[in-house]
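Novice: What follows is the residue order along each chain.
Protein chains: 2
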Amino acid sequence: VGWFAKPSNTQNHTDSSHYLKDFLEEMKADKIREHLRKFTQLPHLAGTEQNLKYAEQIMKEWQMFGIDSVEMVPYDVLLSYPNESQPNYISIVDHLGNEVFNTSLAEPVPQGYEDISNIVPPYSAFSAKGQPLLLLCFSSGDLVYVNYGRTEDFSQLQREMGINVTGKIVIVRYGKIFRGNKVKNAVLAGAKGIIMFSDPADYWADGIQPYPDGWNLPGRGVQRGNVLNLNGAGDPLTPGYPAKEYTYRFSPEDGVGLPKIPVHPIGFHDAFRLLNNMGGEIPPNNWKGALNVSYRIGPGFTDEFKSQKVRMNIHTNNQVTRIYNVIGKIRGAQEPDRYVILGGHRDAWVFGGIDPMSGAAVVHETVRSAGRLLSTGWRPRRTIIFASWDAEEFGLLGSTEWAEDNARLLQERAVAYINADSAIEGMYTLRVDCTPSLHTLVYDITKQIPSPEEGEEGVSLYKSWHKRDNWTNDRDAPRISKLGSGSDFEAYFIRLGIASGRARYTKNTKTERYSSYPVYHSVYETFEIVEKFYDPSFKRLQAVAQVRGALIFLLADSQLLPLDVNEYADSLRKYAQSIAQLAQKNLVEMETYKVSFDSLFSAVENFTVAARDFHERLQTLNKLRIMNDQLMYLERAFIDPLGLPGRPFYRHVIFAPSSHNKYAGESFPGIYDALFDIQNSADPAKAWEEVKRQISIAAFTVHAAAMTLTPPA
Amino acid sequence: VGWFAKPSNTQNHTDSSHYLKDFLEEMKADKIREHLRKFTQLPHLAGTEQNLKYAEQIMKEWQMFGIDSVEMVPYDVLLSYPNESQPNYISIVDHLGNEVFNTSLAEPVPQGYEDISNIVPPYSAFSAKGQPLLLLCFSSGDLVYVNYGRTEDFSQLQREMGINVTGKIVIVRYGKIFRGNKVKNAVLAGAKGIIMFSDPADYWADGIQPYPDGWNLPGRGVQRGNVLNLNGAGDPLTPGYPAKEYTYRFSPEDGVGLPKIPVHPIGFHDAFRLLNNMGGEIPPNNWKGALNVSYRIGPGFTDEFKSQKVRMNIHTNNQVTRIYNVIGKIRGAQEPDRYVILGGHRDAWVFGGIDPMSGAAVVHETVRSAGRLLSTGWRPRRTIIFASWDAEEFGLLGSTEWAEDNARLLQERAVAYINADSAIEGMYTLRVDCTPSLHTLVYDITKQIPSPEEGEEGVSLYKSWHKRDNWTNDRDAPRISKLGSGSDFEAYFIRLGIASGRARYTKNTKTERYSSYPVYHSVYETFEIVEKFYDPSFKRLQAVAQVRGALIFLLADSQLLPLDVNEYADSLRKYAQSIAQLAQKNLVEMETYKVSFDSLFSAVENFTVAARDFHERLQTLNKLRIMNDQLMYLERAFIDPLGLPGRPFYRHVIFAPSSHNKYAGESFPGIYDALFDIQNSADPAKAWEEVKRQISIAAFTVHAAAMTLTPPA
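In order, the protein sequence lines correspond to chains A and B. Going by the numbering used here, the first residue of the first sequence is number 13, and it counts up by one from there. Going by the numbering used here, the first residue of the second sequence is number 13, and it counts up by one from there.
There may be inaccurate statements among the hints.
In silico EDC-like links for lysine to aspartate or glutamate, alpha-carbon gap of 16 Å or less [as the list claims (entries may be wrong)]:
no. : chain 1 : residue 1 : chain 2 : residue 2
1   : B       : K635      : A       : D349
2   : A       : K704      : B       : E257
3   : B       : K256      : A       : D610
4   : B       : K65       : B       : E83
5   : A       : K72       : A       : D88
6   : A       : K635      : B       : D349
7   : A       : K256      : B       : D610
8   : A       : K698      : B       : E83
9   : B       : K698      : A       : D610
Honestly, the hints are just simulated from the structure, not real lab data.
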């Protein structure tokens, strides 16, 4: 394998390279199909019996596969379910309070699944309940349409369109940002309820039929999802600590990130009905979706329907519920106290055909292949940990509680965390998001793995990927993105500072403009949608399995850790330039408030020199353990235990989502947020002080990280 | 040396034991005398030219001693000095505002130092200034006497004596708790100024003459000191980050821990004059000191002097000032990336005869001896770092800024921190405060070092110490205490979780009831007071040098780290029993609010088993590095990055000062403070919830620490 040959040809060769070949070749497309079929038969929402059954089955099969140990690790966390006897829905009511229209109570069940019970109807997990008193006042609710519900949308609504949403129900389309951010913005703006819908402009691919004839979202399909603002806290009642039996729990009113207003999701069929009679101004074009309505912003309906109001009937309950992680281990031969983790979730909103079982099937096959390799006499240098997380959909709970439970061990021992959520979200090419120090390893690995695309026999995955998604404005290589949040790597990367990455198959982002994939979090995420449309040969999933597998193999088995600190230096320079450029939009204020990025550029320069010197010393390494520790702890060096402002569990100074969108990874998030806040600040002098403070923290952190790369004494 | 022979006789023997003998024997009493003489000639307050000169001299001499590297590390921190043109003093003014009495502007200069300039007059560093406006309102200030100014004193004053100090000036005696806590309590109670005095009951030893004829505090002697409430933040303007040139600084109003009222210290000569005419009730006997006054609590003076008021004239300025640490290193041969640190401060209020130069002279001699040993071919297994900290007296600033600067390196690499403040505060026996895992090493070491006491030739320090201070209610061995705060180990131990300890010579605490030592922080801390009274032969300082030296030698040079985790288990059990017992005082409420310590006891039991198993595995160790890492990181496992409530930089869940006294080390400080707060809580249900939460955090932390001792995979 190429990796061994290149970056350091002295000590890093190993006799294990044929093991890597065996390991990757053992992963079979047909087996992945089998695993996926097996684990998508029944709905397995977190906290349900079926999800425990799958956990038990996974535990049993991992044991059969022959890895050293497998255990079930339970936690008792706050989950949220619809009330089975009082369905959630939204009504239009007339002036007498009669319901003249109600949204659907469920999605039409797909073919072949008609007899399945326990399909949870679409809902927004952790929505506040419509209390009787609240319902009363809700019966006079007027709708306001606020586009995607982003900070800038609310700001435009209030400042340019002059509309105050206090006491109104807002309706926003899904997409662009994490739904929890939309809810938070609605609460901040004073709304008393929020409805989210999937607009065809955002969840419909041109020329594709709706499921089951194609992979588009049917009009009555709905995206489920949690609407928390946890900022990495894990279980809302036990922030910072694992939710064990003896753990102190906050009362639900003090829980982290729970919205105070009702929230409900609908499909575009129902959305049309709600939007159709809306009155008020016609918005700018970029507020218009693809429904045949004018997207008037309200408030309320046109004169003709003025007396009609919208009512949210929400009876969802929060309850502390037991969840189960499955943890499997292969003990390291030489360095058992160094951990390489491959983790992904198992819980699904319904069947989880794509999210997460396409990923879980890949992990399952990876464990099977690793077990086979063990039986041939191989044992990795370092310990490998496989995890099947629970309750990811409810706020990354299983993975975060386990990270909290094991924080001390992970801090001192974890080499890397590879995430394994959905392995496919499109049919175009590979997508990798990872920390910069993994760039080189990802490129090296993908050169050794064949392209899964038809007509590309003999072509490497790297070449296939490079052709389809060239990182042109950065370099002539396949594009690699920053990690944001929204999946289980969060606690490992942003809280604990463990080098992390994820890989999946994706769409063509230049031509396919829909968010995630159309059936995302709907009942239509079935085994069949993968088998018929996304990956009939299962070769794309096989390729993803090989990428994820090779990553953990080489991280666990290479003598010298395959982390490239020069790549981190390069990336830091680009991030610094880009954040400084963002600030330049305010040149006058920068002068007024004496804001300078010089200290940050100087710190990056210092880091670059330390990284280069470090790599030079690698050529003559006689202190392998010491240098491996330096490589491992570089990512940890970017952690500030004080956390980002207001987000104590987001501690990574270089990477975190912006406060305005949990999905998007920003570089230098502290500076980014401070710059963002300037737009809305009533006190610019104070806001610019915060920018300066954040620049100083970033400069210090980069200097401190550079120090970790210098000789230890 | 005994250590090598006992705990694990397999791998821990080493050929270096003769080096230890050479190292200890090379430390000479006469040399320590020389060092002390040299560095106490002139006042060397932090931030002054003279303290930089001593830093340069230390740097030069350490270089000459032959250690590998020595560097000067500057920071720019907030210090506080009296205004040279407007002296600080307290007046009694008559109804016309005429000063009828003023406190002294300076202490009488001791014999032989009459020509010395730059003796800073007694002051409370970081006192608020008496602003003109404030002075005006101060001219009507009535005094209230509040004993030691403890939380319980203020509470007794308000609840039992019915006196409200809002708008009054409080006068309290020094002693029992850290002066900064007194100031905080006064502010919380609403006082507009606070005067602190040294009462002979607390600063006078029976049968001893005042200096220069003895070591008692003269009537005009005054204790200086800072009055901050930093809770580990370091420089008040740069909490969490090193105070470098590019570092963002808070504006002084936002600085951490700065008191908002004027504060001033006086001696008992002046205190007599202020207390003598006070009116109001006579307090209970335990409020009475040893002055010939009745200690009436006020408010204000007796009827005869009713029109007289007290005025505080304070013109002290805060200013950002450059300070200098000196950092010396000996590179480790086998494990250069493992650090053992010996650090103590250099800055003194005046000459620093005891505090800190008795300690600094000991460090100097340790460095000299280590340099000699290096020249004979020895090199320690691990890296040794020597530090001469600056600005300890202003809030542990030099050591904390360096810890902030190097936090990432220290977190991953520091094995232990040994503190070197004053090496002597009495003439009786040894005093050691350290983390429990160092107990065994301290006992082993002291058995190898001779007693410095006359008539004890051939007797070990251990035996001499044991005879004088038996830890009877704990075990039959010399007493070892918990670490509190108030010296430079704080950031290393309580913030970063590095195993720490300190050793010095002390008084007989059973018979000598004065606080610290009488001349503490006065101009009378001279070379002569040590030479004439505390240690004429300099053998006590030599013994302390040998204890501190042997600690760093064995921590740096033993193959297996000499840390005893069974001792930690034993101590945790005692601490748990003792904190549970404290809670039992409130049996009824414990029932009402369902408070149980079971989870904590169960966690301690779990830890005890893990510790025992760990020590068993040490017998057959074939993974030295792995087990050494486990030993090193055990202390780190007690760190909670979230910090203690309201104290983000105090992160050690097992040890921290109580919120009410910075000096006293409490075990399970989170629970301790929560129990303390119950007494004053208006909402007992809520207060008991906090107790339960803290028990849960403690139980989790002990479980998590136990996990770090189990086999890594």
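Novice: If any of the earlier hints don't hold here, list their numbers in rising order.
Specialist: Of the numbered hints given earlier, those the structure breaks are 5, 8 and 9, listed in rising order.
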